[in-house]
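Undergrad: Protein chains in written order, with my numbering: chain R, 131 to 629; chain P, -7 to 312; chain U, 57 to 380.
By construction, these hints were calculated from the structure, which means they are not laboratory data. Idealized CB from N, CA, C, for every residue including glycine. Treat the hints with care, as some may be off.
Derived Cβ-Cβ restraints for the label pairs, each shown as a range [what the hints assert, rightly or not]:
hint : chain 1 : residue 1 : chain 2 : residue 2 : range
1    : R       : Asp192    : U       : Leu64     : 24 to 34 Å
2    : R       : Lys213    : P       : Leu23     : 53 to 63 Å
3    : P       : Ser25     : U       : Gly204    : 19 to 29 Å
4    : R       : Ser518    : U       : Ile243    : 24 to 34 Å
5    : P       : Ile(-2)   : R       : Gln507    : 56 to 66 Å
Every beta carbon over 12 Å from chain U, so not counted as near; a handful from chain R, in silico [as the list claims (entries may be wrong)]:
hint : residue
6    : Asp144
7    : Gly200
8    : Asn227
9    : Lys244
10   : Lys319
11   : His349
12   : Thr360
13   : Asn362
14   : Arg392
15   : Pro446
16   : Lys515
17   : Thr521
18   : Gly529
19   : Glu570
20   : Glu600
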Amino acid sequence: MDTVQSEYILSIKDVSKSFPGVRALDRVSLDVRRGTVHGIVGENGAGKSTLMKILSGVYQKDSGTIIFDGQIIDHTTPHESMKRGLAIIYQELNLVNTMSVGENIFLGRFREMKGMRGTHAKAKELLENIGSKVSTTKLVSDLSVSEKQMVEIAKALSFKSKLIIMDEPSSSLTSEEMVELAKIIRQLKEQGISIIYISHKLDEIFEFCDIVSVMRDGHVIDTKPKSEFTRNELIMKMIGRTIENEYPERPRNVGDTLLEVRSINTRKLHDVSFTIRKGEILGLVGLVGAGRTEIVRALFGADKVRGHKVLIDGKPVHIRNPKDAKDAGFGFIPEDRKFQGLVLPFSVESNISMASIPRFTKFGFIRKSLEKNIAAQQVKSLSIKTPSTRTAVNNLSGGNQQKCIVGRWLEISPKIFIMDEPTRGIDVGAKYEIYTLMKEIAEKGGAIILISSELPEVLNMSNRVLTIFEGRITGEFIPETTPADRIMSAALGIVGGES
Amino acid sequence: MSKSGILTSIYKALTKQKAFIALLVMMIGMLFSKTNFYSAYNLLDMLNSTSILLILAFGVTFTIISGGCDLSIGGNLVVAGILAIKLLDVMPIWLAILIAVLFGAVVGFVNGFLVVQQKTEPFIITLGMGLLLTGVAQQLTDAHPLPAKNPNFMMISNGDFHGIPNLVIIMLVCFGISYWIMRYTQFGRNLYAIGGDYEVARYSGIDVIRTKWMGFVLSGVAAALAGVLLSSKLNTGSPVYGETTALVVNCGVVVGGTSFAGGIGGIPQSGLGLLVFGMLDNVMNMLGITSYYQVLLKGAVIVAIIWMDCFANKRKREAV
Amino acid sequence: MEEKKSVLKAGASMLRDYLVLVMIAFLVVITAIIEPKFLSGSNLVNIMRQFGPLIMVSLGMTFVIIGGFIDLSVAGTINLVAVVTISLIQPLGQLPALLIGLALGIVCGTLNSILILSSGALTQAEALFITFGMSTVYSALALLYSHGSTMHFWDISASKSVFEAIGGGNIGFFSVSFVIFLVLLAILWIFQSKTADGRAICLTGGNKTAARLSGIQISRSIVEIYVICGFMAAVGAIVLFSRITTAAPVIGAGYETSAILAVVVGGTTLKGGKGSVLRTVMGVLLVVLMSNCLDLLGVSSYMQYAVKGAILMFAIWLDNRKQA
Chain R
131 MDTVQSEYIL SIKDVSKSFP GVRALDRVSL DVRRGTVHGI VGENGAGKST
181 LMKILSGVYQ KDSGTIIFDG QIIDHTTPHE SMKRGLAIIY QELNLVNTMS
231 VGENIFLGRF REMKGMRGTH AKAKELLENI GSKVSTTKLV SDLSVSEKQM
281 VEIAKALSFK SKLIIMDEPS SSLTSEEMVE LAKIIRQLKE QGISIIYISH
331 KLDEIFEFCD IVSVMRDGHV IDTKPKSEFT RNELIMKMIG RTIENEYPER
381 PRNVGDTLLE VRSINTRKLH DVSFTIRKGE ILGLVGLVGA GRTEIVRALF
431 GADKVRGHKV LIDGKPVHIR NPKDAKDAGF GFIPEDRKFQ GLVLPFSVES
481 NISMASIPRF TKFGFIRKSL EKNIAAQQVK SLSIKTPSTR TAVNNLSGGN
531 QQKCIVGRWL EISPKIFIMD EPTRGIDVGA KYEIYTLMKE IAEKGGAIIL
581 ISSELPEVLN MSNRVLTIFE GRITGEFIPE TTPADRIMSA ALGIVGGES
Chain P
-7 MSKSGILTSI YKALTKQKAF IALLVMMIGM LFSKTNFYSA YNLLDMLNST
43 SILLILAFGV TFTIISGGCD LSIGGNLVVA GILAIKLLDV MPIWLAILIA
93 VLFGAVVGFV NGFLVVQQKT EPFIITLGMG LLLTGVAQQL TDAHPLPAKN
143 PNFMMISNGD FHGIPNLVII MLVCFGISYW IMRYTQFGRN LYAIGGDYEV
193 ARYSGIDVIR TKWMGFVLSG VAAALAGVLL SSKLNTGSPV YGETTALVVN
243 CGVVVGGTSF AGGIGGIPQS GLGLLVFGML DNVMNMLGIT SYYQVLLKGA
293 VIVAIIWMDC FANKRKREAV
Chain U
57 MEEKKSVLKA GASMLRDYLV LVMIAFLVVI TAIIEPKFLS GSNLVNIMRQ
107 FGPLIMVSLG MTFVIIGGFI DLSVAGTINL VAVVTISLIQ PLGQLPALLI
157 GLALGIVCGT LNSILILSSG ALTQAEALFI TFGMSTVYSA LALLYSHGST
207 MHFWDISASK SVFEAIGGGN IGFFSVSFVI FLVLLAILWI FQSKTADGRA
257 ICLTGGNKTA ARLSGIQISR SIVEIYVICG FMAAVGAIVL FSRITTAAPV
307 IGAGYETSAI LAVVVGGTTL KGGKGSVLRT VMGVLLVVLM SNCLDLLGVS
357 SYMQYAVKGA ILMFAIWLDN RKQA
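All chains, please: the whole structure from these sequences, using the hints.
TA: Structure follows, in structure tokens:
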């Protein structure tokens, strides 16, 4: 009569997913037992969020099998996934800011809830069940991040979910709210709901989870009951052994202080000050949302930030916009090369030359031949693979596109080169080329500020790293002589080292 | 809260009530004027003249809330009005009106197709549609106002029901229907979701394309209805009133608090915003401001309003 | 099979790029067949006449569109410049009046750009509304200035009239206005394709964020495009009233849509970044030929207005698909 319920609510077998130039998931296998809290830990770029997005239907897997609650899942949409009982609470919250809490919980189900009254009544009930006192008529935009997370949880519960995936749920919760969250998780467990808990915070992993899986570079490295893991073991498995010949040697020619930044203060950043020396690669290490990009954008004048001081070679400079920054000697590779860095329909030549227009202009007139030379030279020295310099940059691979941006700035030999995720979405070969370039730039006396979500990359390339946590600099380390887990702990906001 | 925090929230509250403040300023100002502004006759007349614009505003709101806009309403309304008048010759009033309104629906349907399905930029393509329709209107009437031949037609917009002008009643009915749709139906709430965050709405299983498309159809219907009522009021079909109507209505909606960003505002807000323009017209007439100065003032007000809306968006964007 | 596909693709994209030329050729041939009067000398002169004001405005509009924005205020600018300039001929003399007229165009353009910059408007839609509103303002100013009446300039006592020359005079083989057009076209073409500022405008239109993050001052580009547009609208106004010797304060009506139509039909994309004033010349040619053709065929001017709207929609739709 009753088919025996499988002991696993979710079975993932050999799931792979690739994006152009990058293998995000490589034959990932994972089983989640019913009624357990299954933790997933891993670095940024390990593949956790790709896996979650495949489960929830935002992405489609390339290959492999997914079985949820006894059903094989193939080609699904977020809505169908929710209806089936698989809910996911994202880090970047999935709410409509302009609408009320109640309506967000029942988005698209107005009729089902019998209108506004029913919506708000049921929403209130759901929120009370998880101990949240948020008013259902309040607009989402007026909520704190933790309150928004509560709304997301309520939303997941409104679908009678069997499995709830929480992606970094505690990233903005106060300690009281954490207690509430713990209560909720316990309640959900009692109700037989399974939970996948993704977090960097090892304390929570050890507190909440029954079983832990570690992901790295698109693989599941290990899955064990939490009691069988030690903290150090977890960290080591997350980071992996640093493979020395994947990266060139660090630049050795570090000189005097080149840049001094004092007191950047914004809504997100708190009293950020640091220095960087000639010939140095300075890495900024931190979680997504810690404030790394905000720091460099403030420095480069990309965001309207006032009140901080910038000194180059001891002399104060006033940077109000990117042009000022460029004139002061900065270069900038933005985080999103497609939308912030390139003019996609334009040629390789135009994209390379766009920061150095004065160099090929005489009396206001463009010398096409000079421009051609500049582009050709950069293409050659950076080995940019393109049919011609007139090709639209849109047609190039990610790595070559990135090289165009690098070449753009190299042309004006910046003193301080800001690189925000320079190797994201780029194949291994091109990555190494960029690393070599970075080393060359440093050895010629330039300084590089490197932001990367790949911890091995930033640790291996940088002479010095700053750890950023919740908008503050929490530590300064020399990667060559500091164990990675100590740096990691500082980036996680863990004060006073590891246990 | 810090000093700047208090100031920001006051600023926020004020900017949300732009329309209310504008109305207040005008009403207080008129207290000192030696005019008949506060006579029952004038107030009712003001409401009457604004009714048609209000109906247009309600329709346009459907498109703006979902993140688009409709600049074809001017051309739509003139053609519908002319169509109604021409059809009066050969068929009963109700049928002529029905066909005219259906015409508006078709226009809305085409707009919806181009904007939602074909993903064209709504502002400029509905502008083009407006031009197309204006040209058609001129062609249909040879640029002369076309008199209605059915005396009953005039009574629709010019009659009254126990002292309340028909137009006001019709407008209130439209208000009621539109408000109900926006606030109490799934369709209306989905429009808000789509305008608030297209992707989130899509992920939640809302049929974003059909819903947004329907918004355009409703806007077309409202515009056509307004056109019929206008023709009835003037007892002629004329291509003249199309030109700046689209601009005034869209701006009025923004004044009231329905932002071009989408997802914010609603029917009452749009109505309030249009009342500002309606009152402005009335006030300017009362004060004897000559028509050219009126146009100038209105244009300046429109620019100021759009400027403020853009500026508010800029502040949101640059909040670091 | 793959090769065949790619050849077809290349052919189709070439067709799309030069569609306007094809359409012009098509139009000319068909019209000449249906109405032989089309190719008569007087008709050709007529065509050249209509060309004048529209090409000036369209050339200016090209820059705004390449920069990723739009300017609907040209109609108002034309109105204002026309009535003001004409009224100043008598009291101040021809040349001063001319210069003031041109300056006024620059002022209007500058005002537009200030409003757009200060409000932080970055999208074409926002610019559309702001400039649409300003058109109303400028037109209202024109109405106020002229008290609603059409202004003439009476016979100018000086032996040589600049305006008469612009209106109908000749320099050798060509009309004066044509020469002015060629000169301005050359200047604008050089500016657009050969100067740093021209390049900056293209980059701003291509991707404002990337341009800004590469150190380009997009505010400078924005001012430039609107000033050019305002100036060219003023030139257009002057050519227009010189021709018909009168200036009604509504003389500019419809020029904004004709100009946008000409630019889009010529092949400059509304999305910005790419385009050329040369293409706009072809676009204007097509628009002018088309209305001439429709005139000869007896189509009413109202229907033409409608056709203009329809073609604008079609061109925008086509442009949108091309860029997708």
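Undergrad: Honestly, which of those hints from before does the structure not fit?
TA: Hint check: nothing fails, all pass.
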